[in-house]
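Enquirer: The task is simple: from the sequences and hints, build the whole structure.
First to last, the sequence lines map onto chains E and D. All letters in the first sequence, in the order written, are residues 1 to 394 by the working numbering. All letters in the second sequence, in the order written, are residues 1001 to 1814 by the working numbering.
These aren't lab readings, by the way, just hints derived from the structure by calculation. Don't take every hint at face value.
To be verified - Derived, one-sided and incomplete: chain D residues facing chain E with beta-carbon distance under 7 angstroms: (1) F1526; (2) L1621; (3) S1642; (4) A1810.
As the list claims (entries may be wrong) - Beyond 12 angstroms from chain D on every Cβ pair, some chain E residues (computed): (5) S224; (6) D231; (7) E267.
Here a beta-carbon is modelled for each residue, glycine too, at the ideal position from N, C-alpha and C.
Here's the letter readout for the chains.
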Amino acid sequence: LKLANMRSVSVDLNHDASLLIDIPDALCERDKVKFTVHTKTTLSSFQKPDFSVPRQHEDFIWLHDTLVETEDYAGLIIPPVPPKPDFESPREKMHKLGEGEATMTKEEYTKMKQELEAEYLAVFKKTVQVHEVFLQRLSSHPILSKDRNFQIFLEYDQDLTVRRKNAKEMFGGFFKNMVKSADEVLISGIKEVDDFFEQEKTFLLDYYSKIKDSTAKAEKMTRSHKNIADDYIHISATLNTLSADDSTYRHCGGYYMSSFVFLQKVEGRVASDQELKLTELLRYYMRDIQAAKDLLYRRARALVDYENSNKALDKARLKSRDIPQAEEHQKQCLQKFDKLSESGKKELTSFKGRRVVAFRKNLIEMAELEIKHAKVSSPIQPRDFYTLIHVYNM
Amino acid sequence: MATSSERSPPPFPDSEDQDVLDSEEVGGRESDEDDDGGGDDLLFVNPSNPPLTKMDTTLPPASQPSDVLMEPPSDLMNDPLIEPFSSLTENKPTSKIVSEPSDDFVDLTNNLADSPEDAAESVLADVAIDTTEIPLDEPSDDFVDIFGGETEAPREEVVIANVTVKAAAAADKSEVTSDVTDPPGDLKTGSDFEQEANETATDSIIDLSDDLLSSNAQKPPLASDQFVDPLVDFLSDAPPAADAKIPSRATVDLFEDEGNDLFTEPRQTKSAKQQQKSLFGEADEDLFGEPLGATTKKPVIKEPKGKPVPTKAARDVSNMGGPLQDGYTAEPADIFSEEAVTTVPSIKKTSAVNSKTNGVHSEEDTDIFAEATVELSLDSPQEERKKGVPAVPSASAPSVSAATSLAKPQSASLEELDDDEEEEEEEEEEQEDKFDISISVKDPEKIGDGMNAYMAYKVTTQTPLPMFRNKTFTVRRRFSDFLGLYEKLSEKHGPNGFIVPPPPEKSILGMTKVKVGKEDSSSADFVERRRAALERYLQRIVHHPSLLQDPDVREFLEREELPRAVGTQALSGAGFLKMINKATDAVSKMTIKMNESDVWFEEKLQEVESADQQFRKLHVLVESLVVHRKELSLNTASFAKSTAMLGSAEDNTALSRALSQLAEVEDKMEQLHQDQATNDTFNFAELIADYIRLLGSVRGSFDHRMKAWQRWQDAQAALQKKRETEAKLLWANKPDKLQLVKEEIAEWEVKVTQYERDFDRVTATVRKEVVRFDKEKARNFKREIINYLECLLQSQQQLIKYWEAFLPEAKAIA
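Expert: See below:
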């Protein structure tokens, strides 16, 4: 798998060469993945123009969380945090394979192992990719790229030693989420003052549920393709044994076998390309839409706050008490809300453009790859068959 | 052809041997070229001379045949493809031929007649060109005289001599070498001489036989007749076949020429035949021995032929195959072998060796033909190995093929032969209906209601075969009728070692669904699966040459109303499987008891068992492939739906459109996957299921063979007991009871012979059946798998179309 193919999610980078980030290398130690984050910059805010630092997945989470918690960025779509590297499933499969080794022929086992290794590698690369994309989106964002924490993340050449969230905090995060969703329900009843946001809200809610469904379905479909590819492995191995044992197949069994090996490769590639171009795209935009939804939530929250401050002001006026504070508060809320609305509108518009571009790119690439795979099997396979038929007829 | 090269039997001469052989060959060839020229010249110079003309015709063929003869060993080791062709097409190898025959000739003279020694020596002394003429005129006369004088005596002597020589040869080659050395060392010296000598030898022999014929007309005409007839028949048939297989013109010519001349000759000779045989036999032996003596510098020669040589020599000695005969037989190979066998019964007593000869021929033939067929190559290596391994190469056990032909009337064997030939051609041409009969099972129809309902199928037969009253006819049959047919056939033909194709099992679950009348896809699927399985089952039956002849089969296909099959009800799928398994167990148990004398069977049984295991595994895998494919189809469908929804939610018009297009593509893919699942099922899983069933039948046939063996062994044990009783009675001096026991012994002796013959017959049948089965299996598999892969390919093409149509949509997103 080429790395170029691996770029599953395109980011609408404004090709600003002032801050270029990539992850050229990563190291996998047990559950931890150490990424080497490499930065090249012309910005004076950095001490050096070119440097690399080691970062772990937790550091990315920290960065994301600090960004989310920064008030000033409430009106921005914070790029979705990269998912935790999941090496469990390939590892588990590897384990299962080891257990089933006795029931397989040697080459069957080797083949399966190779497949798993490839899968493992793909997961690894994908993980690196998605972390890279996160940083690149930050670096290409006019405001977020200036963030102090982000710059520290990039520059600080020691381990960030980000404190792991302890159990209480984890629970706190969970609780916060609960509150947030409850809050979302509460504030969903709020009357929208802006048509644009009203539309966006309905759209994103609808879109989110749809894309979530599509993602799940695409995952299932991809898995089915993989299952079939695995079946082909076993079938070709069995055909091979059969032809080795049986004198009448000896001269043709190999061809059957190679045909199935071939089919397996095609099916396997279809599966991995679908995974990359389709499933990964859907998955990413599912998270991105979640981020956009979060923006809407923050704005709605601000709106509710503003309305509450209005009510408080009315109350204060009614009671003729603390009016200046209430006025002040109301003004602040309005300001915040207006600011959020303004930047939110911009963000959401650019998000839409970015999404369309990304879908376009990935759909084109996927169609092209599908055609390529089908064609790979067409011009080669018939010749294969004819050779087969020919040899057999001798 | 490539096939044969691949399958050349492992336990064969080492590479070393091969090298030696090759070198020998090469040398021979070189020297021959000159000789050839000389010989040809000679031949063509005097066409007017009757004897010479005869020589003309015979010679070229003779030389080629001898080549062929020589080739086999090398074939085994090298590419059979390349070698035989080159040698056959090019005339070069003649030298070898020549050299051997000449030796034969010399030896012949030595062995057969004392006086000939002189003649031989004179011939040798004369050497060169003169010799050619000598045989025609004088030597032949001499021989004739010799034989004429001793006509009666020599014959007997010859037989004996053969046997002894053979034994000697088998035991060690010292004899052979001595024989070889007897003739002056000149043998090696002049290839020219040798060639000529050879020519003369062949000619003279023929003449001799002619003369002999006239001199002693008595002789067993039966043997010769039988022997000759098949040959003639074969000759008429063979050339086309040979042609088809081997494009070399030389071979064909060889056959035609020889067929006319050489073969006709023997026919006339009849009585002379035996003698001729013996003559040749010796010659043969010498032939093999000769190289040894001649090329004493290369003692390796013996090695090269290593195993094959001694055995072959021994067998050749027997009588059948002089170099000449080998020559002709070479091509027809199996045909010949089988037919040759037919002679065995008649000759058997006089020369038990004959049977062996057959083996030899078949081997050689097969080798020569190596390219020919799976069957042949299967046979020959096995036999070779078998023979090569035992200390006594001339093991008394008659070759299996001999047994086959023994059991069958000659004409039958001929027919088989033809069939074989046809099959071979068919295999090459991919003809399907070799028996001109095609059967279809169609229109499954539910008859009746509730639990008494059953499915009836339309069985349509199309055939021009005269054994049927019409060319096309259709009958209605229910499933139990199919089972009933199988029961009848397996009862009748199973014990004889035939592999009766089994029908699909009863399926209570599947049928109950159908009976209940659910019109869902699974029951439709079940009915279709069963229909197709029944069709394949019937096709297998009618394509079996022996089963097609069965009156029950004809009745099944033709008769309007069949008596209701009984007893099949109990035979549910599970019960059927259990039955097969039981049989299998019995087989394995009996295998332990039976010390398998036949390596072929031992290996084949192992092969069948491991194939069975692998097929079962494969079946599970393919079934899981089907499941996964169906899953994929479902998942694709739901993804398509989901994508369509996503498309409707999308607010960018172009992207929305593209997404719904994508949904359409995925919808079509779902159909593709579904079709593919059907393809998996019908082209692949069902095929494998068929073969799991068929392998059960194959094991059943092994089982029947084992039973026949057991019966024979039991009879032998009983006979042994009777004999012991006899001994006791003798000792006790009870003459009255003794008589009774003697009668019983005679009875049991007959039984033992009968059972042994039965066993041989069953063995032969099983063997033939298994070979046929393997061939069918390979062909069937090839066809089905190619079919399957092509289906896959088509769906790939379809896929390309779909995605190509989608691509512009994706590009239109803005």
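Enquirer: Hints first: check each against the structure and report whether it holds.
Expert: Hints, one by one, checked against the model:
no. : hint  : result
1   : F1526 : 23 angstroms, violated
2   : L1621 : 5 angstroms, holds
3   : S1642 : 4 angstroms, holds
4   : A1810 : 4 angstroms, holds
5   : S224  : 4 angstroms, violated
6   : D231  : 4 angstroms, violated
7   : E267  : 10 angstroms, violated
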